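Use these hints to put chain H onto chain R, whose structure you have.
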Amino acid sequence: MTARVKWRRFVSNFMLTLTGVCALVSVSVLFFILGYLVFNGGTSINWAFFTQLPKPVGEAGGGMANAIVGSAKLLMAASLFGVPIGFLGGIYLSEFSGSAVASVVRYAADLLNGVPSIVIGIFAYSVVVLPFKHFSTLAGAFALGLMMIPITLRSTEEFLNGVPRYLREGAMALGASKWKTIASVVVPAAYRGILTAILLALARVAGETAPLLFTAFGNRYWSQGWGQPTASLPVMIFTYAVSPYEDWHRQAWAAGLVLLGLILIINILARTILSRGIAVPRS
Amino acid sequence: MQASSKPGLSVNIVTNTGTATHGETASLPMRMTISKVDFYYGSKQILFDINMGIADKRVTALIGPSGCGKSTLLRALNRMHETVHTSRLEGEIQLDGQNILAQDVTTLRRRVGMVFQRPNPFPKSIFDNVAYGLRINGIKGSISEMVEKSLRRAALWEEVKDHLHKSAYELSGGQQQRLCIARALAVEPEVLLLDEPCSALDPISTAKIEELLVELKNLTTIAIVTHNMQQAARVSDFTAFVLTGQMIEFSATPQLFTTPSDPRTEAYITGRFG
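Top line first, the protein sequences correspond to chains R and H.
Counting along the first sequence from 1, when you hit position 195 you're at 195 in this note's numbering, and nothing is skipped either side.
Counting along the second sequence from 1, when you hit position 252 you're at 252 in this note's numbering, and nothing is skipped either side.
Next comes chain R alone, as it looks inside the complex (with noise of 0.2 Å):
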């Protein structure tokens, strides 16, 4: 055996193990993750967690009742206001806009996108809570429905364009105007991709925690309302972590746990919706 082949003997072993042990802790960081939330959260998660307010400084046990019920509402809202614009935005890209146009769009949609979540959070605060002067619920959902726009979009851009032309033929050729096909064939041709990137997207500002500092603000009672602040899972993870009391660190563990175990759950829910109905073939 050469030395040059030796050499490159060498070099593709190297290799081979390099890129192995980064794929390795890449899938171990987050099995650290997980297990180290298991194991802290764990032993504080029980039926009164999901069902008490916070208890006072001092007093052991309560729960984050509030915090859960304020995240579901923020999200709901959330995707109220932020879905059906980057849903039909998305279509309006794909289906009607010119390549210029779109172009554009795609990039603001980029940026958009690339904003740091805290300063969605900053605007959210001067457009909503700065003149109503009130933090609320709706402050919050509008600063998490912003960010849910362009994942939207790009993505309902993105699977509306992967339909094949010869479906739009086909119903073009039965008498279908553009809209028809669009609604009849295109959507639902894509909707299994568009409703998975939709919960992904809800997944992703599930855990969001800067935009709510200032707009939802937090509350340790329930929730007096929309227009009233909330409480949220991951700020409240903020505010225990944070806090000296031994109590409110294993509640924030606990938060934290639930947290994952929801973002887990629509994860599950998107596959399931990708593994059903049916599919357009691949050419």
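No wet-lab data here; the hints were simulated from the structure.
Since this is a predicted model, take the numbers as computed values, not measurements.
Don't be surprised by glycine CBs; every beta carbon is placed ideally from N, CA and C.
There could be a bad hint or two in this list.
Reference excerpt, derived from the structure (chain H facing chain R, CB under 10 Å, subset only) [unchecked claim]:
id : residue
1  : 29
2  : 78
3  : 80
4  : 106
5  : 116
6  : 120
7  : 122
8  : 124
9  : 133
10 : 193
Frame of chain R; chain H shown alone:
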């Protein structure tokens, strides 16, 4: 490209007014007439001064080598070319004596249906595929009866009647193509355009579709593009030979294949090129 406007145009073609002047064509009414059609994609001219007719309740075949413009010509008949923004059509195409370019495009496409090269069922059930055209056109009546009728006409009913609600993609390629034919027939088009409907199919499926076409001509008027000359000879009553965007010859099928009047037609059908 040759400079003369009608190079090699054979004598026995349909005139601009759409009435035939030779042989069997003389007595047949024309469902569609194509007069002086020039077609462009951007600045590139694809078709040059095309004149022909699609005879009522007959099969008209368009043959020619790849890229000669035969599919473009077919797609112009129900204005599918308009999905390409740079396309431009000059001249006149008439359906029952009326200019199709002046009509509402969705109405036109309901009257002039199309089956594509590749089977393109929608990602829906077999039933919903056939019912689609009925539903979007708001056709009244029993949808399931009409679906059955269309599937029978497309010779697919016996094979699918027990699983109408399964995905259309569970059918074989040949069955999918017959499903697409059923889907097109459901809205009862006056003319059915087929763009190389068998090119993606195996010989047995191809034979079934050819058989079907011969039966269907009692029901509707058919124009078919094919690069398979034997297929044109088997199924069609009239054949048009298109070469580099020009109509070289258009006559009754037996005549075109036995005594072609243009040397280029003869060269093509005897396999000397294409």
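Evaluation of the provided hints:
Below 10 Å, beta-carbon pairs count as interface contacts, and residue 29 (chain H) has none with chain R, the closest being about 24 Å; its hint is therefore violated. The beta carbon of residue 78 (chain H) is positioned within 10 Å of a beta carbon in chain R (closest approach about 7 Å), and the interface hint is therefore held. Checking residue 80 (chain H) against chain R: minimum C-beta separation of about 6 Å stays under 10 Å; hint holds. Hint status for residue 106 (chain H): holds, given a least beta-carbon distance of 5 Å to chain R, under 10 Å.
Interface hint status for residue 116 (chain H): upheld, as the beta-carbon distance to the closest one in chain R is roughly 6 Å, under 10 Å. A hinted interface residue such as residue 120 (chain H) counts as satisfied when its beta carbon comes closer than 10 Å to some beta carbon of chain R; here the least separation is about 4 Å, so the hint holds. This hint holds: residue 122 (chain H) has a C-beta 5 Å from the nearest C-beta of chain R, less than the 10 Å allowed. The criterion of a C-beta within 10 Å of any C-beta in chain R is met by residue 124 (chain H), whose closest approach is roughly 7 Å, and the hint holds.
Evaluation of the residue 133 (chain H) hint against chain R yields a held restraint, the C-beta minimum of about 4 Å falling below 10 Å. Checking residue 193 (chain H) against chain R by beta carbon gives a least distance of about 8 Å; that is within 10 Å, so the hint holds.
Consistency with the previously given hints fails for number 1 only.
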